[in-house]
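**Q** Sequences and hints are given; from them, build the entire structure.
Residue numbers (the working numbering), protein chains in the order written: chain Z, -4 to 207; chain C, 6 to 247; chain H, 233 to 450.
Certain hints may be false.
[As the list claims (entries may be wrong)] Here are the computed lysine-lysine pairs in the DSBU-like style, where the Cα-Cα straight-line distance is at most 35 Å:
hint, chain 1, residue 1, chain 2, residue 2
1, H, K385, Z, K189
2, H, K385, Z, K120
3, C, K238, Z, K189
Source of the hints: derived by calculation from the structure; they are not laboratory data.
None of the values given here were measured: they were computed from a predicted structure.
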Amino acid sequence: MAALLAIEALAVARGGIAILERVEFSLSAGQALVLRGPNGCGKTTLLRTIAGLQPPLAGRIEAAPDAIAYAAHADGLKATLSVSENLQFWAAVYGQSNRVASALAEMNLEALAQRAAMSLSAGQKRRLGLARLLVTGRPVWVLDEPTISLDAASVALFANALRAHLALGGAALIATHIDIGLAEAVTLDLTPLKARAPQDGGASGGFDEAFA
Amino acid sequence: MSIWEYANPKKFMQTSAWALPWFTGLAAITLVTGLVWGFFFTPEAANFGTTVKIIYIHVPSAMMAINIWVMMLVTSLIWLIRRHHVSALAAKAAAPVGLVMTLIALFTGAIWGQPMWGTWWEWDPRLTSFLILGLFYLGYIALWQAIDNPDTAADLTGVLCLVGSVFALLSRYAVNFWNQGLHQGASLSVDKQENVSDVYWYPLLFCIAGFILLFIVLVLVRTRTEVRSRRLKALEARERLA
Amino acid sequence: MIALLLRDLRLAVRAGGGFGLSLAFFLIVTVLVPFGVGPEGGTLARIAPGILWVGALLACLLSLDRIYALDFEDGSLDLLATAPIPMEAVVSVKALAHWLTTGLPLVLAAPVFGVLLHLPGPAYFWLVISLAVGTPALSVLGAFGAALTVGLKRGGLLLSLLVLPLYVPTLIFGAELIARGSAGGATATPLLMLAGITAATVALVPFAAAAAIRVNLR
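**A** This is the structure:
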């Protein structure tokens, strides 16, 4: 089966310095991959690179155009808009306006739909941020710490949504520290993939390399 | 062998280290020759008096003010298209020199304008467009200063230089349209007989060559400094990694 | 794209500052000028076109840094960059939203403020025309400047320094159009130049602004 997302010999840089290299994996429909590693090891940088926000230092990222839905630390919510207005906006951007109601139901936000986003608690905001993924209609979810500020019940809610997404032929790439209770997820530890110095054969191309 | 190999920082440092003394010597000789000849061995013009001799600084600096911006545009384009770091650093190094040239042109112009037109400043198209050019230089330099990441800064200033060039040119025409002005036409043109007579023309040529050489020297020195500071950062980063 | 425009407009209205503040600033500038130059009607009438244009330009400048800053802070800009809208369209829509909340109110209010400055009769028509044709360029150029400074903590002053020189041609032709129009002179050249600058700016500058945003996000 063709992979939804294939990463080959990827090297990524933060602030012009290579931090991860030789990253290789592929995701097919129904698969989830959990990225682990200590703070500052490059999880966020890797996800941003895969989402297309920054260019890779080396290697290839293969994914169908418009396959990736990215969710960052920040939820991108507008405080003065209501919960449903926030969600409707993103649904309209992705051309999926019919999914708003079901997404609200799935993340248990129906009761809050008319509340302004600024009056939500941190966990409720996070749930709204994750509901955004449901209205993108995209197969590959790239999630950066999705469970931050969620309580146990909300984590379970999110895990259910994730399972449903995988069952429908989606895939997910998740950077997280806690166990989200997804038995079928494969874990990739990024610690051994730390970039070596260029003189030791590590990836080159960081912007100051040319000068050293 | 292509010209692009000089964009390699190491090659650039080697070549510029070799070329710098030569350019410095040449710049000194031409500048001193041109200025001494111009200041002390040319007759006083009938209608201008001694003040005419300021052209030996005014005209070359004004030319350089424009040419340096064009050079920055070219180097910015090279950076944006071919990603040669030295090119971006050369643009960064040239900007303050360009700003100073603009200021010299404006100040010498004011000093000359006072006895000629009876005023230090006139909202004449040429003067005004130089003032605007100075503002563009200021913005460009400020943007370099404000951004920490050197690649981001190079990209953004490159884009600003592109857009700025178009608008600087546009301002030139807009200003022309706005006020017809009293500045004389260009002192240099193909048909030089119309403008400046030979007595003034030859020392002026020396001065222009001297200013160009001086600019090359300054840009080389400043670019070498930039390359060194980047090299320092690279070595520090490498140490942190090891 | 329409969703983005509606969202930005809705945010501007709900935050309250959108329409009101720029207009109030424009009014204050207009009121302060007579205090500075004296109440004499003839002088005011002569400088009114310039004052109105400079005032509109400054009022426009005031709200520029908010074009992307809020979206950058709350992460929306990252998400928009990965959304199926090209960044060029995001820039254009945001510039349009800025014009609708700042430029358009200025165009509509300018004749009223013209009364305060004893603007001569025939000039009102040309005032509205020149502002209506010229201010879109101000918004788009501002969106470009804001894109350059989007990641910076203290970008406000730098933004003015970058954007104001770009406003020179628009200001010159805009003010000249009013001056010629009210004096009964030939208006075709400044009007066409003003329209040309706006058209070219609206068509081309969003590409530069989008490139700048992508650089700033990486």
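**Q** Given the hinted pair H:K385 and Z:K120, is their Cα-Cα distance within 35 Å?
**A** holds (25 Å)
**Q** Holds or violated: C:K238 with Z:K189, Cα cutoff 35 Å?
**A** holds (20 Å)
**Q** Has the given pair, H:K385 with Z:K189, been kept, meaning a C-alpha gap of at most 35 Å?
**A** holds (31 Å)
In this structure, every one of the numbered hints holds.
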